[in-house]
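Student: Generate coordinates for the entire structure from the input sequences, incorporating the hints supplied.
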Amino acid sequence: MTTLTHEVKTLQIAQRKVSALFLDIKGGFDNVNPTTLCGILRAKGVNPYLVSWTRSFLSGRTCRLRYQGSPKVFARVSVCTPQGSPVSPLLFVIYVSQLHCEIPGSLTLSYVDDFGLTASSSSYRRNVQILQKHYGKLKARGARLGVGFSVPKTELIPWRTNRDRAPISNTQVHLDGSIFRPKAEVWWLGYWFTPSLATTTPFVKRLAKAQAAFVAV
Numbered sequence: 000m001t002t003l004t005h006e007v008k009t010l011q012i013a014q015r016k017v018s019a020l021f022l023d024i025k026g027g028f029d030n031v032n033p034t035t036l037c038g039i040l041r042a043k044g045v046n047p048y049l050v051s052w053t054r055s056f057l058s059g060r061t062c063r064l065r066y067q068g069s070p071k072v073f074a075r076v077s078v079c080t081p082q083g084s085p086v087s088p089l090l091f092v093i094y095v096s097q098l099h100c101e102i103p104g105s106l107t108l109s110y111v112d113d114f115g116l117t118a119s120s121s122s123y124r125r126n127v128q129i130l131q132k133h134y135g136k137l138k139a140r141g142a143r144l145g146v147g148f149s150v151p152k153t154e155l156i157p158w159r160t161n162r163d164r165a166p167i168s169n170t171q172v173h174l175d176g177s178i179f180r181p182k183a184e185v186w187w188l189g190y191w192f193t194p195s196l197a198t199t200t201p202f203v204k205r206l207a208k209a210q211a212a213f214v215a216v
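The C-terminal residue of the sequence shown carries number 216 in numbering that gives the first Met the number 0, and the numbering is unbroken.
Hints in this document: simulated from the structure, not taken from any laboratory. Values in this document were obtained by computation on a predicted structure and should not be read as measured data. Any given hint might turn out to be false.
Distance condition first, Cα-Cα at most 27 Å in a straight line; then the derived DSS-like pairs of lysine-lysine [what the hints assert, rightly or not]: (1) Lys8 - Lys152; (2) Lys152 - Lys132; (3) Lys152 - Lys138; (4) Lys132 - Lys8; (5) Lys182 - Lys25; (6) Lys8 - Lys204; (7) Lys136 - Lys152; (8) Lys182 - Lys43; (9) Lys136 - Lys25; (10) Lys71 - Lys152; (11) Lys182 - Lys138; (12) Lys136 - Lys8; (13) Lys43 - Lys25; (14) Lys136 - Lys43; (15) Lys204 - Lys136; (16) Lys132 - Lys208; (17) Lys152 - Lys43; (18) Lys182 - Lys208; (19) Lys43 - Lys8; (20) Lys152 - Lys182; (21) Lys25 - Lys132; (22) Lys208 - Lys152; (23) Lys152 - Lys25; (24) Lys25 - Lys138.
Label-pair restraints from in silico Cβ distances [stated by the list, open to error]: (25) Ala207 - Gly59: 42 to 50 Å; (26) Pro85 - Ser109: 31 to 39 Å; (27) Ala211 - Lys136: 37 to 45 Å; (28) Leu64 - Ser122: 22 to 30 Å; (29) Ala207 - Gly38: 44 to 52 Å; (30) Lys132 - Asp23: 13 to 21 Å; (31) Leu64 - Ile102: 37 to 45 Å; (32) Ile102 - Gly59: 34 to 42 Å; (33) Ala209 - Gly59: 45 to 53 Å; (34) Gly44 - Val203: 44 to 52 Å; (35) Tyr110 - Lys132: 20 to 28 Å; (36) Trp52 - Ile102: 31 to 39 Å.
We put the beta carbon where it would ideally sit given N, CA and C, even for glycine.
Tutor: Written as structure tokens, this is what we have:
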């Protein structure tokens, strides 16, 4: 979050318009292919012993659903990293590192399965074009990895400075047949962002939440 805020303000100092698109990987841990992951590890020069350990760790796993009336049999799982294991987030981050690609005027940040794309140019409309192009590249790379994005969770926000008196941009982004309008508030990684990057909004929301919890007690 600090990196995102710093980069946005740096671009604004250079008199550029800045926008961000927040994406969420759909069913992240459930779509990790062990064979593909081991190939990525070898390409990154990881010790063969660790590659073999990873393959063994992800192989031969089974699971079963537990609910009233469910069959008490285990099913073989060939694709996924086990949730609850401290190793799984690291393996997943390595797996989706292939989604990071450089596009002029843009910045890609991610935290596990949450991605944030930031574009800068001379106009918000141009930013939307850059973000749509960047999303197309991410989608294509994700398809090769067997992962996709949860489009309904997508959010768009145009960043503004406190001195900006122009109306808030209403330029929409079109992704996979869905339209996303700019938002005045975005919740990302447990933090509330506003176009002006004001710190009062997250403070007020956290205070209200704390007060509600206090009243409930």
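Student: Indicate, hint by hint, whether the structure satisfies it.
Tutor: Against the structure, the hints:
no.	hint	in the structure
1	Lys8 - Lys152	holds (25 Å)
2	Lys152 - Lys132	holds (18 Å)
3	Lys152 - Lys138	holds (15 Å)
4	Lys132 - Lys8	holds (23 Å)
5	Lys182 - Lys25	holds (22 Å)
6	Lys8 - Lys204	holds (23 Å)
7	Lys136 - Lys152	holds (18 Å)
8	Lys182 - Lys43	violated (38 Å)
9	Lys136 - Lys25	holds (17 Å)
10	Lys71 - Lys152	violated (34 Å)
11	Lys182 - Lys138	holds (23 Å)
12	Lys136 - Lys8	holds (26 Å)
13	Lys43 - Lys25	holds (25 Å)
14	Lys136 - Lys43	holds (21 Å)
15	Lys204 - Lys136	violated (35 Å)
16	Lys132 - Lys208	violated (38 Å)
17	Lys152 - Lys43	violated (31 Å)
18	Lys182 - Lys208	holds (21 Å)
19	Lys43 - Lys8	violated (33 Å)
20	Lys152 - Lys182	holds (13 Å)
21	Lys25 - Lys132	holds (20 Å)
22	Lys208 - Lys152	holds (23 Å)
23	Lys152 - Lys25	holds (9 Å)
24	Lys25 - Lys138	holds (12 Å)
25	Ala207 - Gly59: 42 to 50 Å	holds (49 Å)
26	Pro85 - Ser109: 31 to 39 Å	violated (19 Å)
27	Ala211 - Lys136: 37 to 45 Å	holds (42 Å)
28	Leu64 - Ser122: 22 to 30 Å	violated (50 Å)
29	Ala207 - Gly38: 44 to 52 Å	holds (48 Å)
30	Lys132 - Asp23: 13 to 21 Å	holds (20 Å)
31	Leu64 - Ile102: 37 to 45 Å	holds (41 Å)
32	Ile102 - Gly59: 34 to 42 Å	holds (40 Å)
33	Ala209 - Gly59: 45 to 53 Å	holds (46 Å)
34	Gly44 - Val203: 44 to 52 Å	holds (48 Å)
35	Tyr110 - Lys132: 20 to 28 Å	holds (23 Å)
36	Trp52 - Ile102: 31 to 39 Å	holds (35 Å)
Violated hints for the displayed structure, listed by number in ascending order: 8, 10, 15, 16, 17, 19, 26, 28.
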